[in-house]
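*Asks:* Next come the chains, spelled out residue by residue.
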Amino acid sequence: MSPPLLQVNDLKKHFPVNRGLFGRKSEWVYAVDGVSFEIARGETLSLVGESGCGKSTVGRAILRLFDVTSGQVILDGQRIDDAHPSTMRQLRQRMQVVFQDPFSSLNPRMRVRDILAEPIRNFGLAKSAADLETRVTALMDTVRLPREALNRRPHEFSGGQRQRIGIARALAAEPELIVCDEAVSALDVSVKAQIVNLLQDLQREFGLALLFISHDLAIVEHMTHRVAVMYLGKIVEVAPRREIFAAPRHPYTKALLSAVPLPEPGAQRNPIILGGDVPSPINPPSGCRFHTRCPYVFDRCRTEEPQLRSAEGEQWVACHLDALPA
Amino acid sequence: MALLEVENLQTHFRTPSGINRAVDGVSFHVNEGETLAIVGESGCGKSVTSMSLMRLIPEPPGRIAGAIRFAGKDLLKLSDREMRAIRGNDISMIFQEPMTSLNPVLTVGRQIRETLMIHQGLDQQAAEAHAIEMLTLVGIPEPKRRVREYPHQLSGGMRQRVMIAIALACNPKLLIADEPTTALDVTIQAQILKLMLDLKSRVGAAIILITHDLGVVAEIAERVMVMYAGRKVEEAPVAELFRSPRHPYTQGLLGAVPRLGSSLTGAARRLAEIPGQVPDLRKPITGCVFAGRCALATDLCRQYAPGLEEKAPRHIAACHYSAKGAIAA
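Which chain is which? The protein sequence lines are S and B, in order.
The opening residue of the first sequence carries number 1 in this note's numbering; numbering runs sequentially from there.
The opening residue of the second sequence carries number 327 in this note's numbering; numbering runs sequentially from there.
In case anyone wonders, no lab produced these hints; they're calculated from the structure.
Even glycine gets a Cβ: it sits at the ideal position worked out from N, Cα and C.
One or more hints might be untrue.
[Stated by the list, open to error] Computed footprint of chain S on chain B, listed as stretches where at least three residues anywhere in the stretch have a Cβ under 8 angstroms from a Cβ of chain S:
no. : stretch
1   : 342–350
2   : 507–521
3   : 536–543
[Said to hold, decoys possible] Over 10 angstroms on every C-beta distance to chain B, these chain S residues come out as not near it, computed from the model:
no. : residue
4   : SER2
5   : SER104
6   : LYS192
7   : ARG242
8   : ALA267
9   : ASP299
Turn these sequences into a full structure, and let the hints guide you.
*Replies:* Shown next, in the form of structure tokens:
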């Protein structure tokens, strides 16, 4: 088996909270607290979870938009987390990002042509001016935008079209991995379908690996190969798509899936309604972080933190229950 | 008689680049105790419709025409003073973002009391007691402590519960919920939807639910109205609408939603796309509003706007070809 494209080992990212006189750092937000996973070439791994579970922080740490607290991020055998800025620049070409809000992630003063040409120039991918032009027009074809649109500015486009520009910009660098951080969440239903289909086509065409960060479980099921479920900075379950959606094992995954309202009136379902709210990541609960809301909680959960263990085949679950609820 | 009857509602806004016909001739009714969902994508006019019902549209630049008859009274003919007596009392509203719709510098208790003291004429003590009762009703733990807290001390789900408590404090006959769970996480959304269903059976208010989430619609609506580009394009009982949508837009919407469990049935089909964009509402639209994106559109559609017709009992749609459309679905 070939080595994975991306490897994340025990990644931690803690943010300081300034409190008290003179803003002394007295507390930490444990945004990501020991997360490990791998992504193979051409694979889609989805990170799912609710607000504040740390899924976006993981994405940003991989892109090294900030330094991590501890742990390793390895892209194709090269450490990213402690790479020198000059090496980092080379590595950035291989991983790109598409953000949630297509309104704030494109520079309103730049024409689409310049937005797309910038990464090509930065990474020295074009051999000549003519080559640059060919690449830019080819990108427009790839994301199915009219070539005439190259001279327009972002405000002249609708949300869906802007997201296409964002995707074209990510593709311009010819990356191997694209981090999609809630890339379709802000879009309307009909436009969302267009962008989801586009991402799937592009993955097939270019053999891209995707880290798909989303809270929308139905979209995730539609387009992912594997899923990692996060809760308060930890992965609680990771498994191939079929296992996660057919037989979720972790009580949180079960509750999460059962809470999604189905577009079928009168559908027979018994949602597991979790009580309370997600605890604060500033003072996460001891032991299993889910124990405050878990319907199966017992003594050991309150003191001892469960580790990810193999439940069946490729399905890994962090839960103390011997017989995981099926 | 219906509790609310809206007839030919037109809410237009004057903008520098022309008149925006945000809502253009929409008629519907809500019966007592009924839940009507208004569905559609951004800019279809669903929120403007709800704001018009409450007369919360600033005039100018807005202008509301038509008739909104609530319990026999035309709300558009009332004075501002008379309208204020209705808002929060007979008709109340829950918005999407509980943080921006609650006052950050007042305790939640004070915000619930205010409605009760103004509309029900309760004194401070009685209002306080009722506020605690309301917080208990919406499932907030330790209500006696929570009434003294400020909105920022509560989580998103709790704030939405407080909003619901304020909205229901005066036993309204009609509750308008504009995307009440859109800003919430899915496990919290499940809590709030369950709460709304429980309260509905206890309080008996009619609900207008405005949403873009078809899952939420299937969960709590009885009847559904689909809007597109400021018009009503289809209306039907909820099961009927999901089973046999008659308008090509509704069919497109239902096809574009991925379903949980799709990977298990092996139905890993491609999502249906609705090509193109919503039309510019500042330009007059001749013919069917959906013609530009519709696969079935012909010259007839581009020239003559289809009227709303009853296609099946209680099921109306505005499409020249909806019989054909039903087969295509």
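*Asks:* Against each hint, give a clear statement of whether it holds in the structure.
*Replies:* Against the structure, the hints come out as follows:
Figure legend: the stretch 342–350 of chain B, annotated as covered by chain S; annotation inconsistent (0 residues with Cβ-Cβ distances under 8 angstroms, at least 3 required). Residues of the stretch 507–521 of chain B with a Cβ under 8 angstroms from some Cβ of chain S number 9, which satisfies the need for three, so the listed coverage holds. Under a criterion of three residues with beta carbons nearer than 8 angstroms to beta carbons of chain S, the stated coverage of the stretch 536–543 of chain B is upheld, 6 such residues being counted. Chain B leaves SER2 (chain S) outside its interface by the beta-carbon criterion, the shortest separation being 25 angstroms against a cut-off of 10 angstroms.
Residue placement check: SER104 (chain S) keeps its beta carbon more than 10 angstroms from all beta carbons of chain B (closest about 17 angstroms). The Cβ of LYS192 (chain S) sits about 7 angstroms from the closest Cβ of chain B, inside the 10 angstroms cut-off, so the non-interface label is violated. Under the 10 angstroms C-beta cut-off, the non-interface status given to ARG242 (chain S) relative to chain B is violated; the minimum distance is some 6 angstroms. Here ALA267 (chain S) does not stay apart from chain B, with its beta-carbon only about 7 angstroms from theirs, under the 10 angstroms limit.
Annotated as non-interface, ASP299 (chain S) keeps its C-beta farther than 10 angstroms from every C-beta of chain B; the closest such distance is 23 angstroms.
Violated hints for the displayed structure, listed by number in ascending order: 1, 6, 7, 8.
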